[in-house]
Amino acid sequence: MMTFRNTLALMAAVLCLLALVLPMGNVAGISLSLWDDTGLLFFALVLIAAATGIISGKLTGRAADILMLVLPHAGAWYLLARLDIADQDLQSGYWCLVMASWLAAWIFVDQLSAKKPKTLSLQRLYGVVVPVLFGVWLLLLWEILVRGFGVPTVLLPPPSMIGVRFAASTAILWADFQQTFLKAVLIGYALGCGSAFLTAILIDRVPFLQRGLLPIGNLVSALPIIGVAPIMVMWFGFDWQSKAAVVIIMTFFPMLVNTVAGLSISSQMEKDMMKTYAAGYWQSLIKLRLPSALPFIFNALKINSTLAMIGAIVAEFFGTPIVGMGFRISTEVGRMNVDMVWAEIAVAALAGTAFYGVMNVIERACTFWHPSFRNG
Amino acid sequence: ADTVNLQLKWVTQAQFAGYYVAADKGFYEAVDLDVNIKPGGPDIAPPQVIAGGGADVIVDWMPSALASREKGVPLVNIAQPFKTSGMMLTCRKETGITGPADFKGKTLGVWFFGNEYPFLSWMSKLDIPTNGGADGVSVLKQGFNVDPLLQKQADCVSTMTYNEYWQVIDAGVPEDELVVFKYEEQGVATLEDGLYVLEDNLKDPAFVDKMARFVSASMKGWEWARENPEEAALIVLENDGTGAQTEKHQVRMMGEINKLTAGSDGKLDPADYERTVATLLGGGSDPVITKQPEGAWSHAVVDMIK
Amino acid sequence: MSGKTGPVIVVVCAIIGIWYGSAVMLNTAFQKDIYARGNVEWTTSQLITDTLAQERPVLPAPHQVAAELYKTTVLTKVTSKRSLVYHAWITLSSTLMGFGIGSVLGILLAVGIVHNRSLDKSLMPWIISSQTIPILAIAPMIIVVLNAIGIQGLLPKAFISTYLSFFPVTVGMVKGLRSPETIHLDLMRTYNASNWDLFWKLRWPSSVPFLFTGMKVAIATSLVGAIVGELPTGAVEGLGARLLAGSYYGQTVQIWSALIAAALLAAVLVSLVGLANKVVLKRMGMAQ
Amino acid sequence: MATDKAVSPVVEIKNLSLSFETNDGPVHALSEIDLSIGRGDFVSFIGPSGCGKTTLLRAVADLEQPTGGSLLVNGVSAEEARLNRDYGYVFQAAALYPWRTIAGNIGLPLEIMGYPKAERQQRISKNMELVNLAGFEKKFPWQLSGGMQQRASIARALSFDPELLLMDEPFGALDEIVRDHLNEQLLRLWDKTNKTVLFVTHSIPEAVFLSSKIVVMSPRPGRIYDVIDCNLPRDRSLDIRESPEFLAIAHRVREGLREGHSYDD
Amino acid sequence: MATDKAVSPVVEIKNLSLSFETNDGPVHALSEIDLSIGRGDFVSFIGPSGCGKTTLLRAVADLEQPTGGSLLVNGVSAEEARLNRDYGYVFQAAALYPWRTIAGNIGLPLEIMGYPKAERQQRISKNMELVNLAGFEKKFPWQLSGGMQQRASIARALSFDPELLLMDEPFGALDEIVRDHLNEQLLRLWDKTNKTVLFVTHSIPEAVFLSSKIVVMSPRPGRIYDVIDCNLPRDRSLDIRESPEFLAIAHRVREGLREGHSYDD
Ligand SMILES: Nc1ncnc2c1ncn2[C@@H]1O[C@H](COP(=O)(O)OP(=O)(O)OP(=O)(O)O)[C@@H](O)[C@H]1O
Ligand SMILES: Nc1ncnc2c1ncn2[C@@H]1O[C@H](COP(=O)(O)OP(=O)(O)OP(=O)(O)O)[C@@H](O)[C@H]1O
Ligand SMILES: Cc1ncc(C[n+]2csc(CCO)c2C)c(N)n1
Ligand SMILES: [Mg+2]
Ligand SMILES: [Mg+2]
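Protein chains in written order, with the numbering used here: chain A, 1 to 376; chain B, 1001 to 1306; chain C, 2001 to 2288; chain D, 3001 to 3265; chain E, 4001 to 4265.
None of these hints come from the bench; they were simulated from the model.
Ideal Cβ positions, reconstructed from N, Cα and C, are used throughout, including at glycine.
Among these hints, one or two may not hold up.
[Stated by the list, open to error] Result set (PhoX-like, lysine-lysine): computed pairs, CA atoms no more than 25 Å apart in a straight line:
{"#": "1", "chain 1": "A", "residue 1": "271", "chain 2": "C", "residue 2": "2278"}
{"#": "2", "chain 1": "A", "residue 1": "118", "chain 2": "D", "residue 2": "3139"}
{"#": "3", "chain 1": "B", "residue 1": "1083", "chain 2": "B", "residue 2": "1038"}
{"#": "4", "chain 1": "B", "residue 1": "1259", "chain 2": "B", "residue 2": "1182"}
{"#": "5", "chain 1": "C", "residue 1": "2071", "chain 2": "B", "residue 2": "1248"}
{"#": "6", "chain 1": "B", "residue 1": "1152", "chain 2": "B", "residue 2": "1104"}
{"#": "7", "chain 1": "A", "residue 1": "271", "chain 2": "D", "residue 2": "3139"}
{"#": "8", "chain 1": "C", "residue 1": "2282", "chain 2": "A", "residue 2": "271"}
{"#": "9", "chain 1": "B", "residue 1": "1248", "chain 2": "C", "residue 2": "2077"}
{"#": "10", "chain 1": "A", "residue 1": "271", "chain 2": "D", "residue 2": "3138"}
{"#": "11", "chain 1": "C", "residue 1": "2032", "chain 2": "B", "residue 2": "1152"}
{"#": "12", "chain 1": "E", "residue 1": "4126", "chain 2": "E", "residue 2": "4138"}
{"#": "13", "chain 1": "E", "residue 1": "4139", "chain 2": "C", "residue 2": "2282"}
{"#": "14", "chain 1": "A", "residue 1": "275", "chain 2": "D", "residue 2": "3117"}
{"#": "15", "chain 1": "C", "residue 1": "2282", "chain 2": "E", "residue 2": "4138"}
{"#": "16", "chain 1": "E", "residue 1": "4138", "chain 2": "C", "residue 2": "2278"}
{"#": "17", "chain 1": "B", "residue 1": "1182", "chain 2": "B", "residue 2": "1106"}
{"#": "18", "chain 1": "B", "residue 1": "1083", "chain 2": "B", "residue 2": "1182"}
{"#": "19", "chain 1": "D", "residue 1": "3014", "chain 2": "A", "residue 2": "275"}
{"#": "20", "chain 1": "B", "residue 1": "1248", "chain 2": "C", "residue 2": "2081"}
{"#": "21", "chain 1": "B", "residue 1": "1093", "chain 2": "C", "residue 2": "2032"}
{"#": "22", "chain 1": "B", "residue 1": "1125", "chain 2": "B", "residue 2": "1106"}
{"#": "23", "chain 1": "E", "residue 1": "4139", "chain 2": "C", "residue 2": "2278"}
{"#": "24", "chain 1": "B", "residue 1": "1038", "chain 2": "B", "residue 2": "1071"}
{"#": "25", "chain 1": "B", "residue 1": "1025", "chain 2": "C", "residue 2": "2081"}
{"#": "26", "chain 1": "C", "residue 1": "2081", "chain 2": "B", "residue 2": "1038"}
{"#": "27", "chain 1": "B", "residue 1": "1125", "chain 2": "B", "residue 2": "1104"}
{"#": "28", "chain 1": "B", "residue 1": "1152", "chain 2": "A", "residue 2": "183"}
{"#": "29", "chain 1": "B", "residue 1": "1182", "chain 2": "B", "residue 2": "1025"}
{"#": "30", "chain 1": "A", "residue 1": "115", "chain 2": "A", "residue 2": "58"}
{"#": "31", "chain 1": "E", "residue 1": "4139", "chain 2": "A", "residue 2": "271"}
[Said to hold, decoys possible] Covered stretches of chain E (in silico footprint by chain D; criterion: 3 or more residues with CB under 8 Å from a CB of chain D, positions within the stretch not fixed):
{"#": "32", "stretch": "4019-4029"}
{"#": "33", "stretch": "4042-4050"}
{"#": "34", "stretch": "4115-4124"}
{"#": "35", "stretch": "4195-4204"}
Please take these sequences and the hints and turn them into a complete structure.
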């Protein structure tokens, strides 16, 4: 069977070969082929050679790493530069090269993921580099596709334009971030997860509620956000309090469901153990059932870290003071400043990912004993 | 028949009665058109829809259309069925507001999403900052309804003569407890519901012909609506997919809308246009548009109508 | 099942009680304004009855919502646009479609992540980031874009549901697929089991509890997605459109009845998933 | 050790039966069990696999509900006895909590029963020494060998010094030397503190060496086949295993076991 | 049974060492292990708890990676041997899948190795009979007693009839009668099919009775203390346990075990 890496290399080589014969695009009405552009031609030929080297097993180790790091990225950069020259009328050959350099970059990522770094810091570094590379490619492809196909910027601006806007609007972005993330999201998240956790315990503690409240809990907590948001604005005012309330409602249900499921996961023998000590409810909760519920609870905390962002932002559609990420997004869409919308989305994504990452680190520290971490 | 996709600015209501009437009464069919009316909503930006190819012609307010034009969506006004602006600011009397000078230190509800331009122009004309403080006004992004006024979270809210104002009344607040500021009367009126298309399309005579048929049939619809307001309201009601509108409200809205369309044969009056542009350019530190627009309107379509 | 009805009834009664209390409280201010305007003398009992019968209350009383629900479900033909059943059906269909696609996508992604190391390392952080994009905020743009490439109707709405619902499934499944005990994995290694067998005979069965908790969350978020997706389609039909229209015209009774209908729908969907969970675990011999 | 209690039996079982409902019809795990165990008795249970030894111990520990008959522990119901923390239980599998270190696992019952920290420390190290695990305090369960885990679970049950010990094959995974060592330790403990012990084992010599009474069980449905008194001196040493009394008792147990099996196949 | 293979050893271990990284520093589980096991050998491993028996078996099975030395199985690396499905493994814990019935668990390797359904059925019932579990096909693991679970796991390992058997205390939770029965069965199987068996046990008589070679290990770090040849006739019966040769070997094993322990404490 062919390895994943060789499959990638083969596909990249085939695409480069295709690019040799397919048209690239038009410059001033004249059709252009790969042979008319020494730079691109050189790139395609080197890539074919490298792919052959990889498949035949001759290109390995550090040489392969460096080549597969430099080659596709330099190529992509050059392809990007050619974008303007080609009159925006790009044809199949061009896209073949784009695909090929993407696959080549993937080979690099695959090689990197296969490494088992010795030191912890190196391991961390790889853990960052791989997803960042993936992101870089996402942006590259986005840039090339949007510009190559001439998508109107009011529909989807290219990342470069978003970046410029981002850099120019840091003050606004920071103010919005404070309003939405630091106030509404964090407070709502803490209260939502906290109250759901306590409810789960209450439900668990009182069998009557377990049978009575859980079905109702499902009902209330699944209230659609857009129905709830205006009501919250009505009840808690225009400022962040009403957004935090929406976040509470959004995060409540996942936490409740997961905690209840987690509390019931401990095995019969583990529970019997506690019974033999005549452990009280709270003792067996704290010493047995909560620790074994942790994997589930962290699941909810992670899912909620992203839901909370969404909740707070959307809630701002239904009335806010004129600051906040959701406010900005909805306003700037209406003003056709879609680049600003995406700059705001980038902030949301960065903040949300960081938030999730923090939860992940805490999870690792708390549930190191769970097989999902022990097994690698 | 040629198909025309029309993107409205807002949900199905009497504000768009002319188009629904024209469709319902067969005016479009008569000129060999198959018009597909797409209702809007709170988050639909018609310029975006037309840029994405989702519509051939859109209903939009001129400030938003001109701003979009600057952002690279080359919108051109081909017809202007609304002569007068229906926008106003409605305040509770008990707040002590009697004139624009009293706004300072107050909280005002404003619609954003491209509808804030007239308000911003007005404030800049009054020289009132919009970022709070004792000398400025606090601005709230107002939601879909007039709750902020009823709940006393805002001192004034934006209303349309034909819609939100009556919601305040319906909620039990008598007219004599309200103070209203019509943009028309404040001299900051901007043109509302006009028909816009993409500039490039106007180079195609077939498209211009199609639009000419569309505009003429639509204007017939508006005329019919002015003559038969109650039936027109019922036609709108029939087309409402949500089933949430009430007859009482739509009939009343039809009456108010007819006041705004009165005096327009569809042809944009360049003077109105100049007035709107002047208001927008006077936007102070954060002007809505930065320079005099070029070619933002065309009589090519209306001129073709015999 | 029978053991549940008693407690549920008690809890529901308690909630309705609190609801009536809050309704009186929240609606009082406005009612007093009305009395003041009309110079009406009022008693407490008068106040209470009036606050519970306002046309546009801040918080409608349960019986008002119930009456509206009854009117729009039982008294109205289901094919009529004024019937809540009709709107609920529209929403339900895109919810289910989104949930179905989302669950399958979520599972596939989890499988890819657990089995391919470069996917694990590069994809997972971006899946997380994807969820921090406020899809609901850009839903209108998405619908416009999808519309521009010719995708219309049920799919765009379902797409938003999918986007929201695949994530809980992926997160849960990744955890679940990695949850088998070391010794159970070792056993498979001794058989030199193929990845296929390892997956179907060990990883999949042991991930089932995680899958179902993920799906419970997913179906709820899928409903939210469907409702939100209904706004920018022109707010024409579906519970989302009802909510919006109600909201736009300040018809709180209508908002609340749509809200209750949506919540009931959610509860039914979640408990269906829960039921499926029970049945499957029982058939797998894991429910003791 | 209240003296008035000494006269009444610690465990009194009358006509006890217990069956499980399964997808496949009921399983009669225990039937017509009569047994009385006095204070200071060391009772071993021996019998073919699946004859209900674990089930019987679990019933005494109030972990299974009998479907018939009566069962008293320390003169009260099994549930009350459990709530009084009258016994320590060693499970057939180690059942250590994966998120706790070995020391943490052994200290668990002490935490629950509210012992002060210093005493906990001292008891943990004493018992870890007893089962030969000193030095593994900070390891996690999955880092220990099977036998070590089992020893940790024994240390855990002993840590809070219960009057009544229920031990389900505690030495199953241990080698002969450690087993002999622990056998002697257990015997000494029993002799010194006059504990009552219910002890499940598969080893006939172990049963004879440790017990004051041996209960031989037979399966399907689980019932008592024979109860053998085993009155060797309390302070016996390992050499006793060569003595003729010892061998005679062992022979009788083996016979009983064989008979029990013949019911079976 | 290819004849050319018969000459080369089935397991060849040279200077093998293995240590684990833990939060608490490295644990040297095995060190300087040299061992060669020929085709048809029955090798028992005996040693104090924690001395590395399980680790050694796991290394042979390619479930742990040695940190030093070399290890060949059937002349190829342990990994290749595993990929060839050269052995069957009985774990110290039963490791049955809770979502499969007993029959399903025993049939698991057969499914994976692609046996047709009819043959699977037949092998399942044959092996369930062998370990005395007939009638429990449809039960789930948690409905079985500890010993029954262990027998199910033995049946599972035997089901696909591997040439090489790695058994980690397979009879630990079984009573003497069943154990004797299974010992005899295993011996007969070994004799008949010329399988190679690596067998971990704590019972000296069991080791002597079954083995052609006994490896005595000592702990910390785990190493081989003694290798004892045990050339009793292959078709021995249980009576042999009274014979002087038997007792002599048992004595030597016991001495070795005791020595191993003295290293320890
Ligand atoms: N939870 C359960 N559900 C159904 N049947 C059960 C359950 N637990 C035990 N049994 C059945 O009860 C019988 C007695 O089981 P028990 O565990 O008491 O045996 P045991 O004497 O301890 O055997 P071993 O020596 O193998 O541990 C067995 O036939 C077993 O299948
Ligand atoms: N995963 C692991 N991580 C760290 N240490 C381990 C791990 N597995 C085993 N050890 C250590 O390796 C040593 C040998 O363990 P092993 O399980 O091989 O012992 P054993 O001889 O099988 O003992 P037993 O007879 O009790 O089963 C022990 O000290 C144990 O603590
Ligand atoms: C979120 C939101 N944005 C804008 C408007 C304003 N608006 C757009 S079209 C139109 C005329 C119909 O009344 C009005 C008022 C609103 N109401 N809500
Ligand atoms: Mg047992
Ligand atoms: Mg072991």
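Under the criterion that the straight-line Cα-Cα distance not exceed 25 Å, is the pair residue 1093(B), residue 2032(C) satisfied? holds (18 Å)
Run the distance test for residue 118(A) versus residue 3139(D): straight-line Cα separation, threshold 25 Å. holds (23 Å)
Tell me if the straight-line CA distance from residue 4126(E) to residue 4138(E) falls inside 25 Å. Satisfied, since the Cα-Cα distance of roughly 15 Å is no more than 25 Å.
Does the structure keep residue 4139(E) and residue 271(A) at a Cα separation of 25 Å or less? holds (22 Å)
For the pair supplied as a hint, residue 1083(B) and residue 1038(B), confirm whether the alpha-carbon distance does not exceed 25 Å. Given pair residue 1083(B), residue 1038(B) holds - Cα atoms ~23 Å apart, limit 25 Å.
Has the given pair, residue 1025(B) with residue 2081(C), been kept, meaning a C-alpha gap of at most 25 Å? holds (22 Å)
Given the proposed pairing of residue 2081(C) with residue 1038(B), does the C-alpha separation stay at or below 25 Å? holds (17 Å)
Okay, the stretch 4195-4204 of chain E and chain D, do three or more residues pass the C-beta test at under 8 Å? Result for this restraint: holds, n = 3.
Restraint status (C-alpha distance of residue 1152(B) to residue 183(A) at most 25 Å): holds (24 Å)
For the pair supplied as a hint, residue 4139(E) and residue 2282(C), confirm whether the alpha-carbon distance does not exceed 25 Å. holds (13 Å)
Just to be careful, I want the Cα atoms of residue 1248(B) and residue 2081(C) compared with a cutoff of 25 Å; is the pair within it? Cα-Cα ~18 Å, so holds.
Given the hinted pair residue 1182(B) and residue 1025(B), is their Cα-Cα distance within 25 Å? Outside the cut-off at roughly 34 Å; violated.
Violated hints for the displayed structure, listed by number in ascending order: 29 and 34.
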